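**Student:** Those protein sequence lines, which keep their order, are chains R and H.
Going by the numbering used here, the first residue of the first sequence is number 1, and it counts up by one from there.
Going by the numbering used here, the first residue of the second sequence is number 1, and it counts up by one from there.
Treat the hints as calculated values from the structure; they're not laboratory data.
There could be a bad hint or two in this list.
[To be verified] In the DSSO-like style, the derived pairs of lysine-lysine whose C-alpha atoms are separated by at most 30 Å in a straight line are:
#1 H/121 <-> R/152
#2 R/136 <-> H/58
#3 H/112 <-> R/152
#4 R/149 <-> H/119
[Claimed, not checked] Covered by chain R, according to a simulated footprint, are these stretches of chain H (three or more residues, beta-carbon under 8 Å):
#5 64 to 78
#6 100 to 106
Remember, it's a predicted structure, so these values are computed and weren't measured experimentally.
The beta-carbon is built from N, C-alpha and C at its ideal position, and this holds for glycine as well.
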Amino acid sequence: MNQDNPGRCKLIACTAVIEEMLPFIPPRMSYEVLDFGLHTDPKSLKKAIQNVINSSAPDVETILLGYGLCSQAVVGLKSGSRTLIIPRVDDCIAIFLGSAAEYQKQYHSAPGTYYLTRGWIESGDTPFSEYDILVKQYGDQTAQRIINKILKNYTRLVFINTGNNLKYYREHARSMAARFNLRYEEIQGSDVMIRKMLYGPWNDEFVVIPPGKTVSFFDFRRNGP
Amino acid sequence: MSRMKTQSQLVSAIANLNEGLALNLIRERLAANDDPLTLIADCQKGLQQVGERYAQHKYYLSGLIMGGEIFYEVMELIQPAMENRISGTSSGRILLGTVESDIHDLGKNMVKLLLSCYKVKVYDLGVDVQPEEFLRQAKKLRPDILGLSGLITKAYDSMRDTVRLFREEGYHIPIVIGGSQISEEVFRYTGADYWVSEADVGVKLCLRLLK
Numbered sequence: 001m002n003q004d005n006p007g008r009c010k011l012i013a014c015t016a017v018i019e020e021m022l023p024f025i026p027p028r029m030s031y032e033v034l035d036f037g038l039h040t041d042p043k044s045l046k047k048a049i050q051n052v053i054n055s056s057a058p059d060v061e062t063i064l065l066g067y068g069l070c071s072q073a074v075v076g077l078k079s080g081s082r083t084l085i086i087p088r089v090d091d092c093i094a095i096f097l098g099s100a101a102e103y104q105k106q107y108h109s110a111p112g113t114y115y116l117t118r119g120w121i122e123s124g125d126t127p128f129s130e131y132d133i134l135v136k137q138y139g140d141q142t143a144q145r146i147i148n149k150i151l152k153n154y155t156r157l158v159f160i161n162t163g164n165n166l167k168y169y170r171e172h173a174r175s176m177a178a179r180f181n182l183r184y185e186e187i188q189g190s191d192v193m194i195r196k197m198l199y200g201p202w203n204d205e206f207v208v209i210p211p212g213k214t215v216s217f218f219d220f221r222r223n224g225p
Numbered sequence: 001m002s003r004m005k006t007q008s009q010l011v012s013a014i015a016n017l018n019e020g021l022a023l024n025l026i027r028e029r030l031a032a033n034d035d036p037l038t039l040i041a042d043c044q045k046g047l048q049q050v051g052e053r054y055a056q057h058k059y060y061l062s063g064l065i066m067g068g069e070i071f072y073e074v075m076e077l078i079q080p081a082m083e084n085r086i087s088g089t090s091s092g093r094i095l096l097g098t099v100e101s102d103i104h105d106l107g108k109n110m111v112k113l114l115l116s117c118y119k120v121k122v123y124d125l126g127v128d129v130q131p132e133e134f135l136r137q138a139k140k141l142r143p144d145i146l147g148l149s150g151l152i153t154k155a156y157d158s159m160r161d162t163v164r165l166f167r168e169e170g171y172h173i174p175i176v177i178g179g180s181q182i183s184e185e186v187f188r189y190t191g192a193d194y195w196v197s198e199a200d201v202g203v204k205l206c207l208r209l210l211k
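With the hints as extra help, turn the sequences into a complete structure.
**Tutor:** Structure (structure tokens):
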């Protein structure tokens, strides 16, 4: 691994995560962005990430993945001749909140929470952004029936505050909460995990996969089988 | 119209999320005394295509939900025919729930619906169910199988905690975990007895275990 030489590191992240990482990426570090929509099919996401790993420039020694377990899309990835660094988190909400522990705390307080960030709203891939399409497709009544089903057990919508110029996104999140009868809350995000990922240290908050190894589910669960 | 043609029409109607057409075809085939299990199998083929179209980004999440909704409607029509077909009283009891920290229940509800067609008594504890609650209800209801459902990765920890609690308490019962993203590794992690990643496979497994 080469923590001191960003030129030999490459970052791979999805559109929602890269939004929050861009201000911190070291000048010589290369990065590649993958479509957020790939999340709907973890197998396609895995294939896409593996392709980028395999086709990285020969001088890249370390690959940083801006992903968590993400429906196990990262499980089965092969490091090849590089070292892979992956945040030891279930999904990117923990990355935005700064740690897996903070995400766990949020989860315990209200499991039925829909999280939004600037990046997610930008990606346009949320049930809220689907609603208007549904109305056109099936009419008001059926659209309402479907959205009620999707959000049935959700009680809260959290907007994660990840920085500046959020007025539009905050208002969007707030109006979605009101429209779909969810309790609105804003939580302060944290760039701690993003900074650690880009600059180190890669402590136990990160899964480190040495060259020639494959990512396993157990890399994310240290308490073992 | 030939049976083959109506079969493929039903599969397509569900794959295309055409609720009206799907329900009409079900009514026609029930009137023609078609086997309800064949109808369910056709619907599942249609739902499989819905899942494939979702993976290919041709449908949004709402497409999956709509597919599920059509399936519920279909099952309501089919249920009386199923009940006539399967004679006798309850053929077993299952305690089912989405585990703690997870609130997703699409798969669980489908399993519940399908099992009830086979006269299996399903006790559904809902979503975000704590391990202690599963154990308390198991002691009270004495089910034959415990079914733990979950979609998100956090659910795997709750499944593991629940399995551990049952084992520690010496309460022996087959424990099945279910969820669309479950894998062999997750299964090993949780310590459960069986795992399934598709609702219909889960139903077949439970029916086999209840024999």
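**Student:** All hints are to be evaluated individually against the structure, with a verdict given for each.
**Tutor:** Tested hints:
1. Our distance criterion of 30 Å between C-alpha atoms is met by residue 121 of chain H and residue 152 of chain R, whose separation comes to about 24 Å.
2. Distance hint between residue 136 of chain R and residue 58 of chain H is fulfilled; the C-alpha atoms sit about 16 Å from each other, no more than 30 Å.
3. With a CA separation close to 17 Å, the supplied pair residue 112 of chain H and residue 152 of chain R stays within the 30 Å bound.
4. Taken as a hint, the residue 149 of chain R and residue 119 of chain H pair is honoured in the structure, with Cα atoms around 26 Å apart against an allowance of 30 Å.
5. By the rule of at least three residues with a Cβ nearer than 8 Å to a Cβ of chain R, the coverage given for the segment 64 to 78 of chain H holds, with 4 such residues.
6. Residue count for the segment 100 to 106 of chain H with a Cβ under 8 Å from a Cβ of chain R: 6. That meets the three needed, and the coverage hint holds.
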